[in-house]
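The hints should help you fit chain B onto chain A, whose structure is shown.
2 protein chains.
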Amino acid sequence: MADNKKMVEDITSRDVDFAQWYTDIVKKAELADYSSVRGCMIVRPYGYAIWENIQKELDRRFKETGHENVYMPMLIPESLLQKEKDHVEGFAPEVAWVTHGGSEKLTERLCVRPTSETVFCDHYKDIIHSYRDLPKLYNQWCSVMRWEKTTRPFLRTAEFLWQEGHTMHATAEEAIQETEQMLNIYSSFAEEFLAIPVIKGKKTDKEKFAGAEATYTMEAMMHDGKALQSATSHFFGDGFAKAFGVEFTDKDNTLKNPHETSWGISTRIIGGLIMVHGDDNGLVLPPMIAPTQLMVIPVMQHKEGVLDKAYEVLESVNKYCRAKIDASDKTPGWKFSECEMKGIPLRLELGPKDIENNKCVLVRRDTREKYFVALDELETKIPEILKDIQSSLYNKAKESLYSRIYDATTLEEAKDIADNKPGFMRAMWCGELECEMKMKDEVGVTSRCMPFDAEPISDTCICCGKKAKSLVFWGKAY
Amino acid sequence: MADNKKMVEDITSRDVDFAQWYTDIVKKAELADYSSVRGCMIVRPYGYAIWENIQKELDRRFKETGHENVYMPMLIPESLLQKEKDHVEGFAPEVAWVTHGGSEKLTERLCVRPTSETVFCDHYKDIIHSYRDLPKLYNQWCSVMRWEKTTRPFLRTAEFLWQEGHTMHATAEEAIQETEQMLNIYSSFAEEFLAIPVIKGKKTDKEKFAGAEATYTMEAMMHDGKALQSATSHFFGDGFAKAFGVEFTDKDNTLKNPHETSWGISTRIIGGLIMVHGDDNGLVLPPMIAPTQLMVIPVMQHKEGVLDKAYEVLESVNKYCRAKIDASDKTPGWKFSECEMKGIPLRLELGPKDIENNKCVLVRRDTREKYFVALDELETKIPEILKDIQSSLYNKAKESLYSRIYDATTLEEAKDIADNKPGFMRAMWCGELECEMKMKDEVGVTSRCMPFDAEPISDTCICCGKKAKSLVFWGKAY
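Going down the list, the protein sequences come from chains A and B.
Just so you know, the numbering used here puts 153 at position 4 of the first sequence, and the rest follows in order with no gaps.
Just so you know, the numbering used here puts 293 at position 144 of the second sequence, and the rest follows in order with no gaps.
So that you can see chain A by itself, here it is in the shape it has in the complex (with noise of 0.2 angstroms):
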């Protein structure tokens, strides 16, 4: 136990100083670490082993919605960032550029890819060229570098890992429903997979992105009430295609530009994962996304014949979940509350008193309830309560989101809002960047998303008392 509370006083409480607790939770669970280079971290076995289980799952996804993966060049030539007018305005100031290859001086200066909306057009103008061309449903899993000021591990660091769809299609109405598509692929994976129940909707067009012609958006509450932008996908029209010359013979004969998608997920998930699910004692993981579902800890475990039935007992119940052992000489106590830090939903602690007695214990990470379980019982009573956690860390998320959503007809209500109510703001909008603004200077929160099929709660903007367009979502954000 002494083991124990020392891990636990390293890491600061959430409610004491939320960042800080975060900081702690990365370090200490061994997901991340920072390297040499500003911004740039490491992303250590653990973390990497939740990017793979989210890559898997996400890839399973595509594939089954015809998407194939390709790699890009890293380097982007500064003429072809220029290409589309709104999108370089947007990268250019966040690029890292490369202007020497050994000790030459290149004749064009090249950008490390910020996203490869201009590699895959370039690539598109040259393998489009009639309607059976299309639609090309590209994806690929690569790394992403913007030069940011303040950078978090997961949250918001200069180089971070990703995937890019980017698609091409003969309609408008195509594309925008690959967008709406690849939203609820994201969707329903952050609240199938991750337990992370989010918003949906489409940006304003101060939020989306930067050349396109509309993003759509999925956001997350974290514990402190704040959004996270979890997954965007963005209709372009055929903006880019006309820009980079991408064109194809239609059925019916005549030269058009096909219509452009993209879209998004990042390693800043991890954050969400963390920030959403975690708690005091450390990291706490969804079951479908952990690496290891379950631990199983040797009490006493010198005595004769403990180790060997647990090693029995891990190779049984490995068949029908992920598990490990911690065979280690560390205490147990101690590999209790590495287990805790690590957020591993399940431990199995087995001692000679309970081989004795053909039973052992299981601890959940997320309550802390323990049961007493016979050995020939596991089987059904492990899966059943890895589907219980799953589900419970789900509605215990929703239940955090949806009681902190606030309404706001006044700005007065919106201050006081934004001032004592961690969470989102309902608030309806007249659709001008001036009151987007107002919003963001005098209240304190921008906009997260005009969510679909939203019901209206009053005709006027909050800001300006003009008609309405359309409610928006509002808060603080990561």
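Rather than coming from a laboratory, the hints here were simulated on the basis of the structure.
Among these hints, one or two may not hold up.
The list treats identical chains as interchangeable, and a pair is accepted whether it falls inside one copy or across any two copies.
[Claimed, not checked] Derived DMTMM-like pairs (lysine to aspartate or glutamate); straight-line CA-CA distance at most 25 angstroms: (1) 177 x 166; (2) 298 x 227; (3) 473 x 206; (4) 212 x 201; (5) 298 x 373; (6) 212 x 464; (7) 479 x 401; (8) 177 x 217; (9) 254 x 227; (10) 564 x 608; (11) 468 x 206; (12) 405 x 362; (13) 176 x 396; (14) 468 x 208; (15) 205 x 464; (16) 177 x 201; (17) 176 x 217.
Just chain B now, with coordinates in the frame of chain A:
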């Protein structure tokens, strides 16, 4: 048949111009394409699917042997690159330098990683303290950049995809064992999965990796008799650990530097696949690595029932092999050619007459042999033929390799072999750089490796006549 000829006529014959044949295959089989950045390729869906199969199998073998995946920053500060003298000398001339972030000039320039020994060591210094922290067995899948003058898709590109393993061990013995183990994983993978036989051995000091104590390699022979260095595994001793200050307290309570290894295989191996198995009709893929192992091609698909039956057959064969259907409106002849160009191991032709007789035609890509098979026998016949293709491709490649290894004991013999007999040359060597350079400058071959456990073929060095230290495989190389 006209279609068929047309497509094949588009590729240069392998024996007329091997280099052009190679480029034609890369383009026509849609494996890769050129990009707007000099020397950087676009890996297209079909090429990337091959890479994904390579990754999947190797990653499984890495994890089975206790390795964990991580992700390190892609940028390396110049000061970090310079910490190990030999290493920086080897790589500095060929790195791409980032000098600006956004509009600001960086205080220290950063290179895009050409390899990551330096960043791994920098991290290991922070996380290795005790013998309990060893071994560390890390690997990463990423892209690296080397600013090459002359480039060719897959074989030599400015940016390429690879994996790089970097491990730390308590003793030199353990590290050497790891270096050997990883070379063996590569070679068994190459032989079992890619059907590429290899010669394993140690590199000479001249050819070893910058900063390594020893480099192990596997060398494959291409159709034109030239060598392709296909994977390498390096033992570093404690040189990097010392340069980077990586230290641990050993069991005997003394402070020591751990011993390091690194090992990698890259998209270059896809070039090997092309050049070992391909022929004048296109790519030839071993079934184990082929993204599509069997293509169903309906014949006279406009006739009632043909497409339905073809999809039914597809569904059933998909249970035991990776199958697809080409139900496009192209002619069967064109589809056959495409299948051959893409090296799909088996095609299944199904027309109205076949359906009437409850049978179909299977055609092997490698030998073009035809089999008339009853539909209810496919389940035994297809796996049987795929297995046979796999082993006969391997046997053919092995025959091609071992029938072209020539022994030389005098420089005249060596020159004759180098000029007239494409393949590998075996000759004894004294161990001096001068003689190695003489082989290069006068004979026109480089040392490929000193094979493990080889019987000497004479007592004296082929160049200087002094006492020979080892047998060397020499050759022209990619």
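For each hint, the structure was consulted:
{"no.": "1", "hint": "177 x 166", "result": "within (16 angstroms within a copy, 59 angstroms between copies)"}
{"no.": "2", "hint": "298 x 227", "result": "both (22 angstroms within a copy, 21 angstroms between copies)"}
{"no.": "3", "hint": "473 x 206", "result": "both (21 angstroms within a copy, 22 angstroms between copies)"}
{"no.": "4", "hint": "212 x 201", "result": "both (16 angstroms within a copy, 13 angstroms between copies)"}
{"no.": "5", "hint": "298 x 373", "result": "within (23 angstroms within a copy, 53 angstroms between copies)"}
{"no.": "6", "hint": "212 x 464", "result": "between (32 angstroms within a copy, 17 angstroms between copies)"}
{"no.": "7", "hint": "479 x 401", "result": "between (73 angstroms within a copy, 19 angstroms between copies)"}
{"no.": "8", "hint": "177 x 217", "result": "between (37 angstroms within a copy, 18 angstroms between copies)"}
{"no.": "9", "hint": "254 x 227", "result": "both (15 angstroms within a copy, 17 angstroms between copies)"}
{"no.": "10", "hint": "564 x 608", "result": "within (20 angstroms within a copy, 91 angstroms between copies)"}
{"no.": "11", "hint": "468 x 206", "result": "both (20 angstroms within a copy, 21 angstroms between copies)"}
{"no.": "12", "hint": "405 x 362", "result": "within (18 angstroms within a copy, 60 angstroms between copies)"}
{"no.": "13", "hint": "176 x 396", "result": "between (50 angstroms within a copy, 21 angstroms between copies)"}
{"no.": "14", "hint": "468 x 208", "result": "both (24 angstroms within a copy, 21 angstroms between copies)"}
{"no.": "15", "hint": "205 x 464", "result": "both (24 angstroms within a copy, 24 angstroms between copies)"}
{"no.": "16", "hint": "177 x 201", "result": "within (20 angstroms within a copy, 33 angstroms between copies)"}
{"no.": "17", "hint": "176 x 217", "result": "between (35 angstroms within a copy, 18 angstroms between copies)"}
Hint check: no violations occur; every hint is consistent with the structure.
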